[in-house]
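J.: With chain B's structure known, arrange chain L on it following the hints.
2 protein chains.
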Amino acid sequence: MESAELKNQRLKEVFQRKIQEFRTVCYVLTGYQIDITTENQYRLTSVYAEHMDDSLLFKASGGVVGSGGSMQLMETDFSRTLREMVDLHLHHQKSIPAFLSAVTLDLFSRQTTV
Amino acid sequence: MESAELKNQRLKEVFQRKIQEFRTVCYVLTGYQIDITTENQYRLTSVYAEHMDDSLLFKASGGVVGSGGSMQLMETDFSRTLREMVDLHLHHQKSIPAFLSAVTLDLFSRQTTV
Chain B
763 MESAELKNQR
773 LKEVFQRKIQ
783 EFRTVCYVLT
793 GYQIDITTEN
803 QYRLTSVYAE
813 HMDDSLLFKA
823 SGGVVGSGGS
833 MQLMETDFSR
843 TLREMVDLHL
853 HHQKSIPAFL
863 SAVTLDLFSR
873 QTTV
Chain L
763 MESAELKNQR
773 LKEVFQRKIQ
783 EFRTVCYVLT
793 GYQIDITTEN
803 QYRLTSVYAE
813 HMDDSLLFKA
823 SGGVVGSGGS
833 MQLMETDFSR
843 TLREMVDLHL
853 HHQKSIPAFL
863 SAVTLDLFSR
873 QTTV
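Protein chains in written order, with this note's numbering: chain B, 763 to 876; chain L, 763 to 876.
So that you can see chain B by itself, here it is in the shape it has in the complex:
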């Protein structure tokens, strides 16, 4: 009994480490920290954000992400400052990756030109 619970505990630790590794790699490479806030809702914070609470909120709707569901950008104070990029990349090009890439390059250029 005790050994099964120990195994259980070790398993939890292994998985926590694995998830943490994945989040960190995602952050270091793509520049976005992804937090799962509530079910089907994800908060992205850029490594180049100018203010700590500048974050983007996406909500998955119409089913599980990746199997027919779609993602929608929710309005936040920060997203309202990105009107042009929202229009071009989300509304016109319909590409979240292109949008987030443009935001990264924009924030990066602001940081390095100050």
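Please note that a few of the clues may not be correct.
[Unchecked claim] Pairs of lysine-lysine, DSSO-like flavour, derived with a Cα cap of 27 Å:
{"hint": "1", "chain 1": "B", "residue 1": "K774", "chain 2": "L", "residue 2": "K774"}
{"hint": "2", "chain 1": "B", "residue 1": "K821", "chain 2": "B", "residue 2": "K780"}
{"hint": "3", "chain 1": "B", "residue 1": "K769", "chain 2": "L", "residue 2": "K780"}
{"hint": "4", "chain 1": "B", "residue 1": "K821", "chain 2": "B", "residue 2": "K856"}
{"hint": "5", "chain 1": "B", "residue 1": "K821", "chain 2": "L", "residue 2": "K780"}
{"hint": "6", "chain 1": "B", "residue 1": "K769", "chain 2": "L", "residue 2": "K769"}
{"hint": "7", "chain 1": "L", "residue 1": "K780", "chain 2": "L", "residue 2": "K769"}
{"hint": "8", "chain 1": "B", "residue 1": "K780", "chain 2": "L", "residue 2": "K821"}
{"hint": "9", "chain 1": "L", "residue 1": "K821", "chain 2": "L", "residue 2": "K856"}
{"hint": "10", "chain 1": "B", "residue 1": "K780", "chain 2": "L", "residue 2": "K780"}
{"hint": "11", "chain 1": "B", "residue 1": "K780", "chain 2": "L", "residue 2": "K774"}
{"hint": "12", "chain 1": "B", "residue 1": "K774", "chain 2": "L", "residue 2": "K769"}
{"hint": "13", "chain 1": "B", "residue 1": "K769", "chain 2": "L", "residue 2": "K774"}
{"hint": "14", "chain 1": "L", "residue 1": "K769", "chain 2": "B", "residue 2": "K780"}
{"hint": "15", "chain 1": "L", "residue 1": "K821", "chain 2": "L", "residue 2": "K780"}
{"hint": "16", "chain 1": "L", "residue 1": "K780", "chain 2": "B", "residue 2": "K774"}
{"hint": "17", "chain 1": "B", "residue 1": "K780", "chain 2": "B", "residue 2": "K769"}
[What the hints assert, rightly or not] Coverage of chain L stretches by chain B, computed from C-beta distances (three or more under 8 Å per stretch; other residues unrestricted):
{"hint": "18", "segment": "768 to 778"}
{"hint": "19", "segment": "785 to 794"}
{"hint": "20", "segment": "809 to 821"}
{"hint": "21", "segment": "848 to 859"}
{"hint": "22", "segment": "863 to 872"}
Derived from the structure by calculation, the hints contain no laboratory data.
Nothing here was measured: the structure is a model prediction, and the numbers come from that model.
Glycine residues also receive a C-beta, built at the ideal position from the N, C-alpha and C atoms.
T.: Just chain L, lined up with the frame of chain B:
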């Protein structure tokens, strides 16, 4: 005993789902599928890749990612085609997120102008 093992099994399933959710969200939002190939080595494949095996390989060196370790782009057939972006964003600006963002926008624009 059986109940502890059942619990164990359920735990495994919950964590596998959680990791899978995280990978999928990362892919849908940032446009990069991240695979952990071997220890400290990560393969990124863009949703806009022109060929299935166009991938970027990063290796973490000098310790655990996120705690002082650094990431390095390894040479692949695909990375050799991105010389200018490697020079500008990795060597000059020293920003992996800016590099990956530029690659995303470049691949996206190639896809939509064909």
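J.: It remains to establish, for every hint, whether it holds in the given structure.
T.: Structure-based check of each hint:
About 8 Å separates the Cα atoms of K774 (chain B) and K774 (chain L), which keeps this hinted pair within 27 Å; it holds. Restraint check: the Cα-Cα separation between K821 (chain B) and K780 (chain B) comes to about 24 Å, which is no more than 27 Å; the hinted pair holds. Taking the CA atoms of K769 (chain B) and K780 (chain L), the gap is near 20 Å; set against the 27 Å cutoff, the hint holds. Distance hint between K821 (chain B) and K856 (chain B) is fulfilled; the C-alpha atoms sit about 15 Å from each other, no more than 27 Å.
Proposed proximity of K821 (chain B) and K780 (chain L) is supported: the alpha carbons are some 17 Å apart, at most 27 Å. Distance check on the hinted pair: K769 (chain B) and K769 (chain L) sit about 11 Å apart at the alpha-carbon level, within 27 Å; holds. Restraint check for K780 (chain L) and K769 (chain L): the C-alpha separation of about 16 Å stays at or below 27 Å, so the hint holds. Taking the CA atoms of K780 (chain B) and K821 (chain L), the gap is near 17 Å; set against the 27 Å cutoff, the hint holds.
For the proposed pair K821 (chain L) and K856 (chain L), the alpha carbon gap of about 15 Å is at most 27 Å, so the pair holds. With a C-alpha separation of about 11 Å, the suggested pair K780 (chain B) and K780 (chain L) falls inside the 27 Å cut-off, and the hint holds. At most 27 Å may separate the alpha-carbon atoms for a hinted pair to count; K780 (chain B) and K774 (chain L) meet this at roughly 12 Å. Restraint check for K774 (chain B) and K769 (chain L): the C-alpha separation of about 11 Å stays at or below 27 Å, so the hint holds.
Taking the CA atoms of K769 (chain B) and K774 (chain L), the gap is near 11 Å; set against the 27 Å cutoff, the hint holds. For a cut-off of 27 Å, the pair hint linking K769 (chain L) to K780 (chain B) stands: about 20 Å separates their Cα positions. Our distance criterion of 27 Å between C-alpha atoms is met by K821 (chain L) and K780 (chain L), whose separation comes to about 24 Å. Between K780 (chain L) and K774 (chain B), the direct Cα distance comes to roughly 12 Å. Compliance with the 27 Å bound is thereby established for this hinted pair.
A C-alpha spacing of about 16 Å is found between K780 (chain B) and K769 (chain B), which places the hinted pair at or below 27 Å, so the restraint holds. Coverage of the segment 768 to 778 of chain L by chain B holds in this model, with 5 residues showing a Cβ closer than 8 Å to a Cβ of that chain against a need of three. Counting residues of the segment 785 to 794 of chain L whose beta carbon lies closer than 8 Å to any beta carbon of chain B gives 10, which meets the minimum of three for the stated coverage. Taking a C-beta to C-beta cut-off of 8 Å, the segment 809 to 821 of chain L contributes 3 residues in contact with chain B, enough for the three needed, and the coverage statement holds.
Here the segment 848 to 859 of chain L counts 4 residues with a CB under 8 Å from a CB of chain B, which clears the bar of 3, and the coverage holds. Counting residues of the segment 863 to 872 of chain L whose CB falls under 8 Å from any CB of chain B gives 5; the rule of at least 3 is met.
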